[in-house]
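Given chain Z, put chain W in place with the hints provided.
Chain by chain, the residues run as shown.
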Amino acid sequence: MTSRFESIFLFVVARAMVPLIQVFAFYVITHGHYSPGGGFQGGVMLAASIILLRISLGEESYDRFPREAGIVIGGFGALAFALLGFASMAFGGNFLEYALAVPGMGAEELRYWGIFFAEVFIGFLVWGALVAIYDALESGGVE
Amino acid sequence: MIGQLDFWLMLILVMFAILALEVRDLLAAVGVLTGFSFLMALLFAELGAPDVALTEAALGAGLTGVFLLLALVFVDRKSED
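Chains as they are written, first to last, in my numbering: chain Z, 1 to 143; chain W, 1 to 81.
Excised from the complex, chain Z in its bound form (with noise of 0.2 Å):
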């Protein structure tokens, strides 16, 4: 934001919200596979959190959350899940099977923690990208 003003009512709400917000982000995230909810709402609330400390901290949130933290966080979560995808494929199933060979594990098993970890991966690349949008939509496209 261009103009800001201080306001103690802002800090402490936006200090209460913030770590609700997350907490309520990983349980949509973890719980995704059987139940309403999932990778990328969990992200979007992710986002949405950092995004609030953005608001109303201003310059302070870039030390806590730096601004090249959404490209390298998004980045990963896309890389994890495109690795996920192509290793079912080196175990010869097809993109996102989850025909990994994991010893001790059924297939209803390896697919349960193959969506579990698939939506993890989905949660990060959507928060680190939202927030990097956020990013360079505030600067106006400058570094």
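Some hints here could point you the wrong way.
Among the chain Z residues that face chain W by a calculated CB cut under 8 Å, a handful are [stated by the list, open to error]:
hint, residue
1, PRO36
2, GLY37
3, PHE40
4, GLN41
5, MET45
6, ALA47
7, ALA48
8, LEU53
9, MET89
10, LEU130
11, GLU138
12, GLY140
Note that these hints are calculated values from the structure, not bench results.
Backbone N, C-alpha and C fix where the C-beta goes; we use that ideal spot for every residue, glycine too.
Okay, now just chain W, sitting in the frame of chain Z:
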């Protein structure tokens, strides 16, 4: 599903949509559009689609408003057409 609630939510949704198109002040238009998204999330939840409702509430009523407000910094606040 409650038919009465569906009807009134639909009616208010259409009114919000027309208001968002007709209002001259773009800041007010963003506010009305955020309210539209929130009512849409209520309607989705009431129709038995909690997954879609969660997405609409988080993205439509949360982040889209912030992004549109940020875009408003770079353009005139009054609508020309």
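Going down the list of hints, with the structure as the test:
1. Proximity of Z:PRO36 to chain W holds as hinted, the smallest CB-CB distance being about 4 Å (cut-off 8 Å).
2. The interface hint given for Z:GLY37 holds, since its Cβ lies 5 Å from the closest Cβ of chain W, which is under the 8 Å cut-off.
3. Among the interface hints, the one on Z:PHE40 holds; its C-beta lies about 7 Å from the nearest C-beta in chain W, closer than the 8 Å criterion.
4. The beta carbon of Z:GLN41 is positioned within 8 Å of a beta carbon in chain W (closest approach about 5 Å), and the interface hint is therefore held.
5. The restraint placing Z:MET45 at the interface with chain W holds, with a minimum CB-CB distance near 5 Å, inside the 8 Å limit.
6. Against a cut-off of 8 Å between C-beta atoms, the interface hint on Z:ALA47 holds, since the closest Cβ of chain W lies about 7 Å away.
7. The closest approach between the C-beta of Z:ALA48 and any C-beta of chain W is roughly 5 Å, which is under the 8 Å cut-off, so the hint is satisfied.
8. Interface hint status for Z:LEU53: violated, as the beta-carbon distance to the closest one in chain W is roughly 12 Å, over 8 Å.
9. For Z:MET89, the shortest C-beta to C-beta distance to chain W is roughly 28 Å, which exceeds 8 Å, and the interface hint is violated.
10. Contact between Z:LEU130 and chain W, as hinted, is supported at the beta carbon level, the nearest pair being about 6 Å apart and thus within 8 Å.
11. Interface restraint check for Z:GLU138: the shortest CB-CB distance to chain W comes to about 6 Å, inside 8 Å, so the restraint holds.
12. A least Cβ separation of about 7 Å between Z:GLY140 and chain W falls short of the 8 Å threshold, and the interface hint therefore holds.
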